[in-house]
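Visitor: Chains as they are written, first to last, in my numbering: chain A, 102 to 466; chain B, 2 to 129.
It is worth saying that the hints were derived from the structure and are not from the lab. For every residue, glycine included, the Cβ atom is placed at its ideal position computed from N, Cα and C. One thing to keep in mind: the hints can contain errors.
[Stated by the list, open to error] Just so you have them, the derived chain B footprint on chain A, three or more residues with Cβ under 8 Å:
1) 131-137
2) 212-219
3) 417-425
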Amino acid sequence: MPLQTPPLRGIHDERGAKFTEFGGWDMPVEFDSIQTEHAAVREDAGIFDVSHMGQIHVSGPDATELMQRLTSNDVTRLDVGDSQYAVITDEDGVIIDDTVIYRLPDEDGQSTFLFVPNAGTDEATHERWIRYRNEWDLEAVVDNRTDEYAMFAVQGPNAVALVEEATDESVDDLERFGARYATIDGVECWTARTGYTGEDGFELIVPWAAAEEIWAAFDCQPCGLGARDTLRIEAGLLLAGQDFDSETDPRTPYEAGIGFTVALETEFVGRDALAEIEDAGVDEQLVGFQLIDRGVPRHGYDITNAESRVIGTVTSGTMSPTLERPIGLGYVPVEYAEPGTTLQVIVRGQSKKARVETTPFIDTV
Amino acid sequence: MSFDVPDDRRYLESHEWALETDDGTVQVGISDFAQDELGDVVFVELPDVGDDLSQEAEFGVVESIKAVSDLYAPVGGEVVAINDDLFDAPELVNDDPFGEGWMLEIEPDDPDELGALLTADEYEKQIA
Numbered sequence: 102m103p104l105q106t107p108p109l110r111g112i113h114d115e116r117g118a119k120f121t122e123f124g125g126w127d128m129p130v131e132f133d134s135i136q137t138e139h140a141a142v143r144e145d146a147g148i149f150d151v152s153h154m155g156q157i158h159v160s161g162p163d164a165t166e167l168m169q170r171l172t173s174n175d176v177t178r179l180d181v182g183d184s185q186y187a188v189i190t191d192e193d194g195v196i197i198d199d200t201v202i203y204r205l206p207d208e209d210g211q212s213t214f215l216f217v218p219n220a221g222t223d224e225a226t227h228e229r230w231i232r233y234r235n236e237w238d239l240e241a242v243v244d245n246r247t248d249e250y251a252m253f254a255v256q257g258p259n260a261v262a263l264v265e266e267a268t269d270e271s272v273d274d275l276e277r278f279g280a281r282y283a284t285i286d287g288v289e290c291w292t293a294r295t296g297y298t299g300e301d302g303f304e305l306i307v308p309w310a311a312a313e314e315i316w317a318a319f320d321c322q323p324c325g326l327g328a329r330d331t332l333r334i335e336a337g338l339l340l341a342g343q344d345f346d347s348e349t350d351p352r353t354p355y356e357a358g359i360g361f362t363v364a365l366e367t368e369f370v371g372r373d374a375l376a377e378i379e380d381a382g383v384d385e386q387l388v389g390f391q392l393i394d395r396g397v398p399r400h401g402y403d404i405t406n407a408e409s410r411v412i413g414t415v416t417s418g419t420m421s422p423t424l425e426r427p428i429g430l431g432y433v434p435v436e437y438a439e440p441g442t443t444l445q446v447i448v449r450g451q452s453k454k455a456r457v458e459t460t461p462f463i464d465t466v
Numbered sequence: 002m003s004f005d006v007p008d009d010r011r012y013l014e015s016h017e018w019a020l021e022t023d024d025g026t027v028q029v030g031i032s033d034f035a036q037d038e039l040g041d042v043v044f045v046e047l048p049d050v051g052d053d054l055s056q057e058a059e060f061g062v063v064e065s066i067k068a069v070s071d072l073y074a075p076v077g078g079e080v081v082a083i084n085d086d087l088f089d090a091p092e093l094v095n096d097d098p099f100g101e102g103w104m105l106e107i108e109p110d111d112p113d114e115l116g117a118l119l120t121a122d123e124y125e126k127q128i129a
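Generate the whole structure from the sequences, applying the supplied hints.
Guide: Pasting the structure below:
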């Protein structure tokens, strides 16, 4: 199957970006160097093309109920312009995907939502919404608008000033997870104070056709998926398909450390299973760790205890550009999850000492 | 994008270079193309001085933020020096891959092995 391309594939290519396949998309992985881009976001500002993220629009009289019953959090808490992190779980409470749900301005007096599934999962998610809508006989319109919207993230301590300068309307009063439409070069953009780097900043959902002019409105370091990965690991944020994968590494929100996305007082697919797990407690949980010995932890490496018994797996790892030390995430039995616990990570056959740490690894907004 | 390919040395298809020094040892590193492909180098694992290597044997590992890559010996022989500056400053591999980013020196068992490696022209065609 041919790779999907973001609207600015050619612009990025001319700029000298390297590309990688991610979730079925041909995306820029690096413009200058991961360290340069990473540092720009931590110290100044950077812009990411994240047009590979899905966009599903849900409207109609039963939009709220459909969203409530298919996502883990409580969408009735959202006022217009609010957003919320949530997961989509199966009947067993296993995470299928994680997502941010935005409540858009009402349409025809009815609550309307836009949510952002991960790259490559938009079609399956759209089908899931349609299937359950039909099964439950709800009245809602579910549109997959992934091909209609580009998405950019402007992140870093100076990102808010950059967005404020670019938009006709002021947006710096928005709180974290707040959003509204703002105009950039005459184009209405959904401007949300959300992000995936641990820094302050905005994510902009913009019409595909206007992507080039919106991108050009920001004079800051372009950043690729490489820096996005190192930034999000430092912030202790999960990557779908890597830190959880319903096929290869099924995990519940409680194991993944995102139990705060579960509103057990609501009814949703997976709710009953999660209520039981919440009651019984989990056997394993995701921890952050630092490698004490030299080396770089990578996805899939074994984690062992002092007796060299394999007790877990690294799900994400990197040499932290900010901290200049090797850090990672991985699942271990709860008895090994306490910060300060010593573990071993097997790096290409060699046992390397590691220590469990609290996440995020850096101070985040 | 064009890459430096100095013609005073030979190359392996796996992107290591080999330079015969005045005293007959063979200095080894990775090419400009390889360091660019890897991105920011953050860790280099090298053999010990005194280790014996055979041609094309793995002699270490270079890790960048995004990837890990094995290193292969261009010639067989004894390791007579390693560049331990790389332990504290692995970025030298990015900054100066053919100079300060060198990795090790081998006393070759058979100097003819060097002649069998790719010439600069041949390597340049491979990465074109």
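Visitor: Taking the hints in turn, state whether each one holds.
Guide: Hints and how they fare:
1. 131-137: holds (count 4)
2. 212-219: violated (count 0)
3. 417-425: Answer holds; 3 residues pass the 8 Å Cβ test.
Hint check: a violation occurs at hint 2 only; the rest are consistent with the structure.
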